[in-house]
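A.B. asks: The hints should help you fit chain B onto chain A, whose structure is shown.
Protein chains: 2
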Amino acid sequence: MQTFNFSPGPAMLPPEVIEQIKNDLPEWKWKGVPQGASVMEVSHRGKAFEELIDEAEQDLRDLLGIPSNYRVLFMQGGAWGQFACVPMNLLRANERAGYIVSGGWSKSAAEEGSKFGEVSILASSEDALFNLVPKLNYDVIENNKKNHKGDNSQGNSGTSYYYICSNETVYGNEVHTLPSKLDAPLVVDASSHFLSRRIDVASCGLIYAGAQKNVGPAGVTIVIVRDDLLDRAPKAIPAVWHYAHMAKHKSLFNTPPVFSIYVTALTLKWIKAQGGLPEMERRAIARSSMLYDALDGSKLFKAPVLIEDRSRMNVVFDSPSVEIDAAFVKFCEARGLMSLRGHRVRGGMRASLYNAMPVSGVEALLSAVREFEASHA
Amino acid sequence: MQTFNFSPGPAMLPPEVIEQIKNDLPEWKWKGVPQGASVMEVSHRGKAFEELIDEAEQDLRDLLGIPSNYRVLFMQGGAWGQFACVPMNLLRANERAGYIVSGGWSKSAAEEGSKFGEVSILASSEDALFNLVPKLNYDVIENNKKNHKGDNSQGNSGTSYYYICSNETVYGNEVHTLPSKLDAPLVVDASSHFLSRRIDVASCGLIYAGAQKNVGPAGVTIVIVRDDLLDRAPKAIPAVWHYAHMAKHKSLFNTPPVFSIYVTALTLKWIKAQGGLPEMERRAIARSSMLYDALDGSKLFKAPVLIEDRSRMNVVFDSPSVEIDAAFVKFCEARGLMSLRGHRVRGGMRASLYNAMPVSGVEALLSAVREFEASHA
Chain A
1 MQTFNFSPGP AMLPPEVIEQ IKNDLPEWKW KGVPQGASVM EVSHRGKAFE
51 ELIDEAEQDL RDLLGIPSNY RVLFMQGGAW GQFACVPMNL LRANERAGYI
101 VSGGWSKSAA EEGSKFGEVS ILASSEDALF NLVPKLNYDV IENNKKNHKG
151 DNSQGNSGTS YYYICSNETV YGNEVHTLPS KLDAPLVVDA SSHFLSRRID
201 VASCGLIYAG AQKNVGPAGV TIVIVRDDLL DRAPKAIPAV WHYAHMAKHK
251 SLFNTPPVFS IYVTALTLKW IKAQGGLPEM ERRAIARSSM LYDALDGSKL
301 FKAPVLIEDR SRMNVVFDSP SVEIDAAFVK FCEARGLMSL RGHRVRGGMR
351 ASLYNAMPVS GVEALLSAVR EFEASHA
Chain B
1 MQTFNFSPGP AMLPPEVIEQ IKNDLPEWKW KGVPQGASVM EVSHRGKAFE
51 ELIDEAEQDL RDLLGIPSNY RVLFMQGGAW GQFACVPMNL LRANERAGYI
101 VSGGWSKSAA EEGSKFGEVS ILASSEDALF NLVPKLNYDV IENNKKNHKG
151 DNSQGNSGTS YYYICSNETV YGNEVHTLPS KLDAPLVVDA SSHFLSRRID
201 VASCGLIYAG AQKNVGPAGV TIVIVRDDLL DRAPKAIPAV WHYAHMAKHK
251 SLFNTPPVFS IYVTALTLKW IKAQGGLPEM ERRAIARSSM LYDALDGSKL
301 FKAPVLIEDR SRMNVVFDSP SVEIDAAFVK FCEARGLMSL RGHRVRGGMR
351 ASLYNAMPVS GVEALLSAVR EFEASHA
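Read top to bottom, the protein sequences are chains A and B.
End of the first sequence = 377 in this note's numbering, gap-free, step of one.
End of the second sequence = 377 in this note's numbering, gap-free, step of one.
If we strip away everything but chain A, and leave its shape as in the complex, we get (with noise of 0.2 angstroms):
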């Protein structure tokens, strides 16, 4: 039987990567030369993995477009550990950081945050259970400055930075256009649908991935941040969550995660074969339509977000008790349909519809919900 794996991450993978994964072991083989132990053994200061991790975030940048005054940090830790490196970095004393709480990600963002500092809630939908993108009032930022204690000389409007998570993995929302007009650095947090769609890199100031939802395995976390953002932080922060320290390092400081990085830039090498990010977004488009569109017509389901706010990458949805999700939950594994159960906090059904999702997966999963209702009508 056929398995297809809709687990919110650590996801699928491509299988040409688990392949190329397999081929390299015993021996890694980096550009075809075998290298005389596999890629979990060798020196992170070797020429071969220092090829690699160059031509990893050479990949990165020409997906992206990353412009040339940002730096591209391989670090370990998270979400949850940028979490706290965010603020550690960025939040001066005497300034606030504004948090747009779309979710569980970013309310525990906001949460950790603030042991580092002041952090303002600047727009939430907890209220409508996170089933929408709170808009940003830009009334409040302006009255807020207004009320800024700090200092106003230079044009200082009190705040170092806005944050936002781009897509909400436990609710299935996805911020579709950042918001402008900000008046200091966007951070994103875009774990998981990074590297599903372009993104004007540019305004942000800084962005971050866990890898392991579209781009590898747990154990790696991407980050791209604005050169001029690295001045900021004290001293007296961890070296190895230092952005300016691991950026004068290229990431090499200390040993980093290096087999999550070498599965990283095999998967960035797929993603660049299949097309790149014009690619990625037209698939994700596609196979979140399919299901979205079965949904609505559903006379059992239904996909609760803001039909402007729906995540392409998580899809949450929800029958009319738990005894039924639970009961189609089981149904789509009989079917080799895995890892459907909504996240632990809301309950319901999720399917993750990562880059390496094939239609295939969709359709099965489309069958699997017009028999399951047909026999529960």
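For the record, the hints were derived by calculation from the structure and aren't laboratory data.
Glycine included, C-beta positions come from ideal geometry on N, C-alpha and C.
Don't take each hint at face value.
[Claimed, not checked] Cβ-Cβ distance ranges computed for the label pairs, FRET-style:
1) B:203 - A:51: 41 to 47 angstroms
2) B:69 - A:347: 33 to 39 angstroms
3) B:69 - A:31: 47 to 53 angstroms
4) A:278 - B:29: 37 to 43 angstroms
5) A:272 - B:272: 26 to 32 angstroms
6) A:69 - B:68: 49 to 55 angstroms
7) B:322 - A:68: 37 to 43 angstroms
8) A:278 - B:68: 55 to 61 angstroms
[Claimed, not checked] With the C-beta cut set under 7 angstroms, the calculated list includes, among others, these residues of chain A facing chain B:
9) 5
10) 13
11) 22
12) 25
13) 38
14) 57
15) 80
16) 115
17) 239
18) 254
19) 255
20) 375
C.D. replies: For chain B alone, kept in the frame of chain A given last:
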């Protein structure tokens, strides 16, 4: 040509472990049961991975005889992460931490630690070029106590913890007997000799080790910490670096480095199957003695570390000149003996003889030493 990898880390893994990884692609078999995807693609909250991480912990407990009042954590960030994490969690305000500096790693740990509180260097062998482990002068500790200006009520000595690196990867010294008679918990960076010998866990407050020497690939750090130290951490430290928080969630608070933990789990089973730590220790003594004996009998090469402080894992040696060093490294590479160049800050040669290094690798190196010497006499 058979190659042997003397890399200081990331280092050799047992061939049986590499073979198992290959067999588990494209589909992970947990206890022989196919999981529908590779280990990189399954949920860390699924039953199989939770069983795997539980077994890894139990195997580690069995191997080291870890008492029940110690917790085992699988973290990210490597030793440099712990350089910050340890003082963030354990260094109390108005107290100091006492560091024993036996090489580059403990020196860096002390420098990093001083970002987060008062650090005192109790002993250092830097003047002796780190060719020995500095002996701890207990009078210095007593004197430190008397000068302590903090809270002396309730027998508070003013020291939050003592810190030692029990095997110095760069300079090749090893602590064969841990300091005793201490009045505060001992923190041990055991990264580069972890699981190569028995240690008395109960004599330490905290032991940590990056996996990429003896236990697995880069990307995961094992922390063994005594229960009563978990309560010390202030709330306002990063959640992913909060020992109590990670312990409460059994290392699954956020997405862990799944693949690195999986390989570590396989390696722990391998160590057990080989005969556990008594056997690892026997092999380590056999390998390193063969090489030190040859070097001590050599007219060309010299092992500079004090005999009683020599590392069984990282054998450091020099020829009379940097030119001969370079020629020897090249000579070895042509024979498949890889990564023998010393650390960039020290120079010379270094043969890292971790658990996965077979005796035949050391024999091949001895032949190279003899032949090179004969041609350079």
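A.B. asks: Could you run down the list of hints and mark each one as holding or not?
C.D. replies: A quick look at each hint next to the structure:
no. : hint                              : verdict
1   : B:203 - A:51: 41 to 47 angstroms  : holds, 45 angstroms
2   : B:69 - A:347: 33 to 39 angstroms  : holds, 37 angstroms
3   : B:69 - A:31: 47 to 53 angstroms   : holds, 51 angstroms
4   : A:278 - B:29: 37 to 43 angstroms  : holds, 38 angstroms
5   : A:272 - B:272: 26 to 32 angstroms : violated, 43 angstroms
6   : A:69 - B:68: 49 to 55 angstroms   : holds, 54 angstroms
7   : B:322 - A:68: 37 to 43 angstroms  : holds, 38 angstroms
8   : A:278 - B:68: 55 to 61 angstroms  : holds, 57 angstroms
9   : 5                                 : holds, 5 angstroms
10  : 13                                : holds, 6 angstroms
11  : 22                                : holds, 4 angstroms
12  : 25                                : holds, 4 angstroms
13  : 38                                : holds, 6 angstroms
14  : 57                                : violated, 18 angstroms
15  : 80                                : holds, 4 angstroms
16  : 115                               : holds, 4 angstroms
17  : 239                               : holds, 6 angstroms
18  : 254                               : holds, 4 angstroms
19  : 255                               : holds, 5 angstroms
20  : 375                               : violated, 24 angstroms
Hint check: violations occur at hints 5, 14, 20; the rest are consistent with the structure.
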